[in-house]
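Assemble the complex: chain A is given as a structure, and chain B must be docked to it using the hints.
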Amino acid sequence: MAIAQAMCTAFKQELLLGTHNFATNGNAFKLALYAEGGGGKSSTTATLGAATTAYTTTGEVANSGSYTAGGGALTKVAPSTSGTTAFTDFADISFTTATITAMGALIYNDTNSDKAVCVLDFTSNKTSTSGTFTVQFPTADASNAIIRIA
Amino acid sequence: MFDISMGSVGAVDVITSDNGGLSNDQIADMAANKIIYISDEAPEPIRLQAEAFKDRVRNLVQYYVELARREERATICAKVREAGQHELADAIGRL
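One line per chain: the protein sequences are A and B, in this order. Take the first sequence: its position 149, counted from the start at 1, is 149 in my numbering, and no numbers get skipped. Take the second sequence: its position 94, counted from the start at 1, is 94 in my numbering, and no numbers get skipped.
The following block holds chain A by itself, in its conformation from the complex (with noise of 0.2 Å):
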């Protein structure tokens, strides 16, 4: 699969070298868009998963919209604990006015060298045109947040 959802493998050993701050005073993250079958730009491929350890562009959907090159900034929210779990979360974020189609998306350190950290499959192609394209966070608890460490 070209795009596999996980966490980057990259990523867990940079928490351990303390390269990434996710408080809301941290570091800046944000989301790319990326298409399958020679979708994105210049009909090029996304081959994203556990493997990825930057910010690429190919593979990324072409601008359109409020969509640029290089994805939308995401909104943080402060890291927290339930039980033995900690968890971040991120705000929803939205692409207005666009024709897009994507198949997946990369959440990155834009602070920090657009060091990956987690690659999110869509499981089907998605499709706005001339529209609104939002990714929605999960519910941020211990079950479902959308970077969880157990």
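Accuracy of the hints is not assured; some may be wrong.
Below 16 Å or equal to it, Euclidean Cα-Cα: the simulated EDC-like pairs (lysine to aspartate or glutamate) are [unchecked claim]:
hint, chain 1, residue 1, chain 2, residue 2
1, A, Lys30, A, Asp92
2, B, Lys34, A, Asp92
3, B, Lys34, A, Asp141
Don't read these hints as lab results, they were simulated from the structure. Source: prediction; values computed, not measured.
This is chain B only, laid out in the frame that chain A set:
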């Protein structure tokens, strides 16, 4: 030795629209999904009760989203009319 079961990535939802913004229904669904999460593993009586409550929350949110949009259009209409753009104000009022 500590054996730490490392991280997991949650599942996102993607909501899209064509030729305009998201509808009241879509926004109400998004809000209800954020407010109430019902586990697939919840016992059936609890799950059914939670789903009924979620449906009520969703309908309430939808009503207020619709009201907010209507009131904002009314304010925009009034401002546009004040600026002498009566035809544009009428067009916005018909949305």
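Now for the hints, and whether the structure bears them out:
With a CA separation close to 12 Å, the supplied pair Lys30(A) and Asp92(A) stays within the 16 Å bound. The suggested pairing of Lys34(B) with Asp92(A) holds, with an alpha-carbon distance near 10 Å, which does not exceed 16 Å. Restraint check: the Cα-Cα separation between Lys34(B) and Asp141(A) comes to about 11 Å, which is no more than 16 Å; the hinted pair holds.
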